[in-house]
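*Asks:* Please take these sequences and the hints and turn them into a complete structure.
Chains as they are written, first to last, in our numbering: chain A, 146 to 580; chain B, 9 to 189.
Hints are computed from structural coordinates only; laboratory data are not their basis.
None of the values given here were measured: they were computed from a predicted structure.
Hints are supplied without guarantee of correctness; some may be wrong.
[What the hints assert, rightly or not] Listed next, the stretches of chain A that the computed footprint assigns to chain B, with coverage defined by at least 3 CB atoms under 8 Å from CB atoms of chain B:
#, segment
1, 220 to 226
2, 336 to 348
3, 398 to 410
Glycine included, every Cβ here is placed at the ideal spot set by N, Cα and C.
What follows is the residue order along each chain.
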Amino acid sequence: MGYPHPSHARETVVLSQYFGDAGARSYDGWIKRGGYEGLKKALGMTPEAIIEEIKASGLRGRGGAGFPTGLKWSFMPKNDGKAHYLCCNADESEPGTFKDREIMRWTPHALIEGCALASYAIAAETCYIYIRGEFTEPWKVMETAVAEAYAAGAIGANAFGSGQRIDIVLHRGAGAYICGEETALMNSLEGKRGNPRIKPPFPAAAGLFGLPTTINNVETLVAAPHILMRGAAWYKALCKGNPKSTGTKLISVCGHVQRPGNYEITMGTPMKDLIYDMCGGMRPGRTLKAVIPGGSSVPIMTPGEVDTCIMDYEGVVAAGSMLGSGGMIVMDDTTDLVYQIMRLARFYAHESCAQCTQCREGTAWTTRILERILSGAGKPSDLDLLLDLADNMTGTTICVLSDSCAAPVVSGIHKFRGDFEAYLSGKRKPSLAGV
Amino acid sequence: MNPKTVPGGPAGATPASPGHDAKYEPVFVGPIKARLDALFPKYPTRQACLLPALWMVQEARGWVPDGGIDEVARVLELTPAYVRGVLTFYTMYHQHPVGRHFIQVCTTSPCNMGGAEEVVKALLRETGCKELGATSPDGRFTVIETECLGACGFVTPLLVNDDFLENVTPERVPGLLQSYK
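*Replies:* Next comes the structure, spelled out in structure tokens:
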């Protein structure tokens, strides 16, 4: 549902059905709402059958990359005699994204159920849920729910009497966006600085503590029990024409819409329906200027691109951006786009782990050049300089933080060049003090 | 990049001695030691308990003093230099004393667009903090800007100690501060 707003008729409410319903938080409340049936069913199946069902559903990673979930699970070695791990990535920190937070604070047992199911499917006896340090409320809710699930025998040494050991451990981050990158998350969990690792080896071969590991986003994991309960065919049918993108997706909409919130859409829903109808459109007297559709790390879209955009993995790419995490930042005509792009660059500069030169230097210099432009001291060559920097920051580093900083800058200059030129020509008054 | 956002940095009203902290009382005794001991079986290495252990020190002392670094290193069988290296990577650990109530304001783009700068101004004015990162003269508050708190649909979110507050406006600031004595 469009929490904190009531459900909109155009939503397909699956994962978000109990957002805002405090009664769904407790173990008993979750059982009353049909909870843990997916896990019980899974525990009666073979891991291979579960993976086949998830593969057939078309479920793809909801953290942003969109990698097929069943395929990822199938990469885990079989009968290798080693400990396996599941990591749930609950380090939600991508600007514009606030969906995993709502899943955890309203339906904690949905996440525990998804984690337990996935753990069984990949032969992991331990699942670590890495929750960002700032999520104090979701942490408390999850802590209570995990204790309840142990007490009820849903997880632990003998999950639902299946003979299967499934331990779930909550691990608190401490303020680092980069720990949402899966290899940085593993390093952080191991008690290290959150520096991303070079791949290969991939986590399924050598992940957490050097052992086979799968990392899944919160939203991906909570979808899995629904798929087992209702079947892969049902999930695959949640699609509006593109069989590569199936199911529902939570879209966190923020910025200048009348009703910001989380909206659960069927893959393939037109973006303009979401913005202008479900979210109530712009504030009175305002018009749309730009949208960043998939969290701050994706290219900015123009109103024209929004009008034709189909919201699924391929559709948003075709419209000039990416679906990403589904964190949508909507900006109206009052927005100083150059300032907001600088603000995003500053975010990436602050969050760079500084391992790679292109990122450490690139994010910092991008920010400084944008600050110079905003202070009225920009040079005519600055836009080319920014594009050149961005070119060096793309595809050249261990992780994609550097690419993420470049995306809004490059798309901003290409699609909204006039906004930058207004500062460079002095037509627009400086909005920052001299730097 | 942005020194103003360093918690309790050079502008802090109660700068800590960077050297040896002679008065440090160990944290890992009694119930806190029991909490840490209970974590060890959940991980295959002691080192994995580093972030949790640093959280325990900060909860007990309000920040992570040098003595805390040494103690964590000892109980986890790591070196102090290693512990310091990890500690400094994560922005939520305080490397200096801070006010009794530590306020983090999100000012990343969606919040900035929604008026977070005005909330920051109201917080500085109402707490008496001279600037971001500084502690108020009465030791009650420290205010910092932070990057995305992950509540972009609830602009402007604040984290006051462990209390997550949503939809904060400049008008709400004086009232909400009253519950933090």
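*Asks:* Mind checking, does the segment 220 to 226 of chain A have 3 or more residues with a CB under 8 Å from chain B?
*Replies:* Check failed, 0 qualifying residues.
*Asks:* How does the segment 336 to 348 of chain A fare against chain B when you require at least three residues with a CB closer than 8 Å, holds or violated?
*Replies:* With 4 residues close enough to chain B, the hint holds.
*Asks:* Would you check chain B against the segment 398 to 410 of chain A, counting CB to CB pairs closer than 8 Å, and say if three or more residues qualify?
*Replies:* holds (count 7)
Figure legend: structure checked against the earlier numbered hints; the only hint not met is number 1.
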